[in-house]
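S.K.: So the sequence shown is numbered by this note's numbering: it starts at 1 and just counts up by one.
Derived by calculation from the structure, the hints in this document are not laboratory data. Keep in mind that the hints are not guaranteed to be accurate.
[As the list claims (entries may be wrong)] Below 20 Å or equal to it, Euclidean Cα-Cα: the simulated EDC-like pairs (lysine to aspartate or glutamate) are:
#, residue 1, residue 2
1, K63, E177
2, K63, E91
3, K43, E20
4, K141, D188
5, K63, D176
6, K141, E186
7, K63, D122
8, K63, D129
9, K63, E53
10, K63, D49
11, K43, E12
12, K141, E156
13, K141, D189
14, K141, E232
15, K43, E55
16, K43, E53
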Amino acid sequence: MRFALANGQRQEAQPNLSGECPCCGQQMVARCGEVRVRHWAHKGRRLCDPWWENETEWHRAWKDHFPANWQEIVHHAEDGERHIADVKTHEGWVIEFQHSNIRPDERRSREAYYQSLIWVVDGMRRERDAAHFSRAWANGKSLDPFSSKRRLSSPEGALLRDWAGSRAHVFFDFGDEQALWWLFPESDDRRAYLQYVSRVQFVRTLRGRSAHGPSAFDSLVQTFSAFIAHYEPPPPTPRPQRLSDTPPHPYRKPMIRRSFRL
Numbered sequence: 001m002r003f004a005l006a007n008g009q010r011q012e013a014q015p016n017l018s019g020e021c022p023c024c025g026q027q028m029v030a031r032c033g034e035v036r037v038r039h040w041a042h043k044g045r046r047l048c049d050p051w052w053e054n055e056t057e058w059h060r061a062w063k064d065h066f067p068a069n070w071q072e073i074v075h076h077a078e079d080g081e082r083h084i085a086d087v088k089t090h091e092g093w094v095i096e097f098q099h100s101n102i103r104p105d106e107r108r109s110r111e112a113y114y115q116s117l118i119w120v121v122d123g124m125r126r127e128r129d130a131a132h133f134s135r136a137w138a139n140g141k142s143l144d145p146f147s148s149k150r151r152l153s154s155p156e157g158a159l160l161r162d163w164a165g166s167r168a169h170v171f172f173d174f175g176d177e178q179a180l181w182w183l184f185p186e187s188d189d190r191r192a193y194l195q196y197v198s199r200v201q202f203v204r205t206l207r208g209r210s211a212h213g214p215s216a217f218d219s220l221v222q223t224f225s226a227f228i229a230h231y232e233p234p235p236p237t238p239r240p241q242r243l244s245d246t247p248p249h250p251y252r253k254p255m256i257r258r259s260f261r262l
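Modelling step: build the complete structure from the supplied sequences, incorporating the hints.
M.R.: As structure tokens, this is what we get:
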């Protein structure tokens, strides 16, 4: 962890400094070696948040794009469950920076817990992911050949297969200082929707505050949703049921009408 409570204040790890975990309140030790980034660790082998992963320079570089008071925010659920969000914006979006592999069941649990969740995924963890993704993007289709958005009819490559079922917004980082690749939540194993987004735009929209109307990021989501609407058929309109379409009651005998002559 980057921050612990030392003398009641959030502080980064420093030599000979002790602190408390902001999530569980247990004692923490400052690790200030030369191999790993400076961090706080629970005394002993205790880990209060099973979703937490060891931080890398990649994690820290991403966190530094956002204010320190947005980082490592303890999120409390109504049932008492607690987890530490990597970043939580003033608009309520939680951003999780994912470097290591994550099991599908854990991914679904985290998406259900945070609800307004954005993943930033390290696309350089496996050697072939970037090449497979580039080929999938090249095979994508768009109504506008110059559009930054594309539809993939059959997502290929392990990275897209791992994340196409996510119900959150996923951004792939392939180490390009300029570009991120946005996988929209409407994606699944049959089709995927992708958009190129500049890193600067991503950070700016999430750091910005909207005085009126939707936030800058919510506006991007609406624009992407409009693009997808061109490809997805509208839901069927329910047909009004006519009287003759009403099924007979299972325990009611049909009435036979007879006419009589006088």
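S.K.: Would you mind marking each hint as holding or not holding in the structure?
M.R.: Hint by hint, here is what the structure shows:
1. K63 with E177: Holds - the C-alpha atoms of E177 and K63 are around 15 Å apart, at most 20 Å.
2. K63 with E91: holds (17 Å)
3. K43 with E20: Cα-Cα ~10 Å, so holds.
4. K141 with D188: holds (16 Å)
5. K63 with D176: With a Cα-Cα distance of about 17 Å, the restraint between K63 and D176 holds, given a limit of 20 Å.
6. K141 with E186: holds (16 Å)
7. K63 with D122: Distance of about 14 Å is within 20 Å: holds.
8. K63 with D129: Cα-Cα ~23 Å, so violated.
9. K63 with E53: Holds, at about 14 Å.
10. K63 with D49: OK: K63 and D49 at ~19 Å, within 20 Å.
11. K43 with E12: Distance ~16 Å between K43 and E12 Cα, so the pair holds.
12. K141 with E156: Holds, at roughly 14 Å.
13. K141 with D189: Roughly 16 Å separates the two Cα atoms, so the pair holds.
14. K141 with E232: holds (14 Å)
15. K43 with E55: Measuring from Cα to Cα gives roughly 17 Å; hence the hint holds.
16. K43 with E53: Holds: K43 and E53 sit about 17 Å apart, inside 20 Å.
Figure legend: structure checked against the earlier numbered hints; the only hint not met is number 8.
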